Amino acid sequence: MQDKKDFPQQAGLPPATRRQFIGGVGALVLGASLLPVGMRAAHAAPKQGGSVRFAINDGAQTDSLDPATWQSSFTQVVFGGTLCNALTELAADGTATPDLAESFSASDDLKVWTFKLRQNLQFHDGKPVTANDVIESFRHHMGPSSSSAAKALVEGIADIKDGGDDTIVFTLTGGNADFPYLVSDCHLVVLPAKDGGGLDWARGVATGPYIIEDSQPGVSVRMKRNPNYHKPGQPYFDTVEFVNIIDVAARTNALLTGEIDYMVDADIKTLKLLERNAEIEISKVSGLRHFSFSMNTSVAPFDNPDVRMAIKYAIDREDIVNKAFLGNAKVANDNPVAPQIAFAVNPEPVHSYDIEKAKEHLAKAGLTSLTLDLSVAETAFPNAIDAALLFKEHAAKAGIEINVIREADDGYWDNVWQHKPFVGVDWLGKPTCDSLFTTTYASNAPWNDTAWKNARFDELLVLGRAEPDTAKRQAIYAEMQQLLHDDGGALVIAYALFIDAMSKKIGHGPIGNMLQCDNFRMAERWWLA
Amino acid sequence: MHPGILSNPLFRTILARLGSGFVTLFVVSLIIFAAIAVLPGDFAKKTLGRAATPETVANFQKALGLDQPAIQRYAIWIGGAVTGDLGLSFSSGSGTPRTVTGIIGPRLENTLFLAGITALFAVPIALTLGIVAAIRRNSWLDKALNAATLASISFPEFFVAYVLMLLLAVKIPVFYSLARITPDMGAVEIFQRIALPVLTLSFGIIAHMMRMTRAAIIGLLAHPYIEMAKLKGVPPWRIVLRHALPNAWAPIAAVVAFNLAYLIVGVVVVEVVFVYPGIGQAMVDAVRTRDIPVVQGCALIFAASYILLNLLADIIAIATNPRLAHPR
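If you read the protein sequences in the order shown, they are chains A and B.
For the first sequence, my numbering assigns the number 259 to the initial residue and increments by one for each residue that follows.
For the second sequence, my numbering assigns the number 146 to the initial residue and increments by one for each residue that follows.
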């Protein structure tokens, strides 16, 4: 959390690269003009009433109410965040706080977690929420024949039991201090159990702030307020409608003509025009998502740490952020842990564009020049091809010649990523150090696309997961981030921003900076000002 | 069956065309299946997302029957399609089958509705303008119509769509920029909502049909029998309507059929821009989410529409020109 100063947009200021931010008076003037609006929205008291339409961009006619299938942000926001609740939720500040659970506690070794349900919780049809509903909701994703998107998340759960008195007891295969974060995942929402076992997800009956009125998959979902919602005062809107608009120009036009009140993913190419509209607020929030070029450390020349270091110094990240992302991203420092994640640090020395150091490391590796193939496609991450071409220019000055290979978008994640040695990657991020490292950077991680194997790192990962002492965990995760930064194969270029546009009629508090759409819960947290 | 019908050359020709239509459809179904089979990317992985573990992918493939050989999968698919069963969407969960026909059905209805309204609006205008242009050949009106239609054909559809949206929804808000229609809307609102897509589509197809009509009639006007009619003192409009038009139906029907087929299969761009829930968008969604049964179903319906509409055009051509029923 200590690097907030690098992220001025969190204080309501416009995005600015560090250079602009320090030197640009214009940026400050613009910031001052935007500030009162943000403060007005943030400080006005929420009030009930009205209806609102949100436009999301990746719904499909095959969208299902089955939580095991929620892959798109449409299903995750609409069903996960608006129809349902999980035991915990990600608050706007990124902490995992109780939601359906009233409280949770762990055994000393962090292996047994006990969650106590709130009193008088009920589903949309009036049935009370019981421990059995929670257990079936988790079992839905578990088991050898599961094809759930959340299967990997629940792998560490050895057993779930009804502890009596509205408590649920999870026994894990190993200690995990981040378990409350894990159960906040939108797939692990609580739905009614069927009589005789199984999960009754098909009726669309859940516990969330809104009840489905009409759902046309791929088109729109209309919902009305849940009068028996467990959070006092919330939600604020009478009705919400989520409209699926894939085309960004159509989304923008719909916002301009008042057909919708909010659009996800504004077009950065026309953002300047949209910003001029006095009726529209642009929200820029840095999320967990980040973009990297991944080097496979098990093949030459990337198996040499000095070569990796030379490459890390041969890229001008600020130039890429300015030109390829038009300023709508934050420079990263070869650390995949985004600054708002608990225990994040900014490892020293900060990797900046330094031709001399790049050459120095090349010399250490016994090389005077180097030729590399870099595989990218537009799906690798937005504007990845532009970023790769800029990188080619930067690296050439350090004697590193990069051949940018443009791969097909189709099948990129199957045939290129984890197959070619040097590729562009779009990471959606994970809310904790542990989940990020376990899935991506541990030696046996399923997406260890850098094939990086570090015994010390693996050892620390297990220690950190089961360490109850916060100060000790901080030290463990700091060391792990330093290891990744100094030795890892991921050249992390930048953290992305969620850029959304909305009508100024919408009021909201601080917007969550982990997941899209206010950590998926905008329908519950926002109101009509 | 009455023996007289089979000896009727018109009927025999229609039957033969119908047969060849089925053969074409069969070949197309093979091509669709093969083309989708060689698409890069693993369907299970795409559906489950990058987070899927190899084990999850294997479970999923088994559940969908993707572990079976391609020939067997084709046989099951085409066997079902013949009886109107296009199979189950990959989005079917355990215990909740979702049929492809159930997914495509409402979308196809929407598309046919939009195509029908557009055709009702565009075809009469196109034919009238074509006839007027042919009668007033080389007049300023003809030249103006030619220039206008050439321009409207030349602009890409999405450009026309965005210009119309800017003018008629943003600057002068008479219509809506989103064409979402729901069952509870009244006729007036439905009209306002689909006005812009109908206009956009009409720009492209009116031009095409009008120019074809004009060309067909002008081609006929050079014939000796028209010359004869002129010498007899028949007024020009009557020459066109009574003497030329009946012989021009074949090419006009062909171009109208082509444009109607386009309205069903080719309106993806318009559907995306105006967020109209039609079958084109359904197919784009399905390709994006790798829902192969839906992609195949859409492709088959598209192929069938083309074949059927061309068949209709052929039949009209034969009916208006009996010589075509006796191929030499």
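No lab work stands behind these hints: they were computed from the structure.
Nothing here was measured: the structure is a model prediction, and the numbers come from that model.
Treat each hint with caution, since some may be false.
Unchecked claim - Covered by chain A, per the in silico footprint, the following chain B stretches (three or more residues, Cβ under 8 Å): (1) 318-331; (2) 338-350; (3) 409-422.
We put the CB at the ideal spot given by N, CA and C, even for glycine.
Checklist entry - So which hints don't hold here, by number, going up? => result 2
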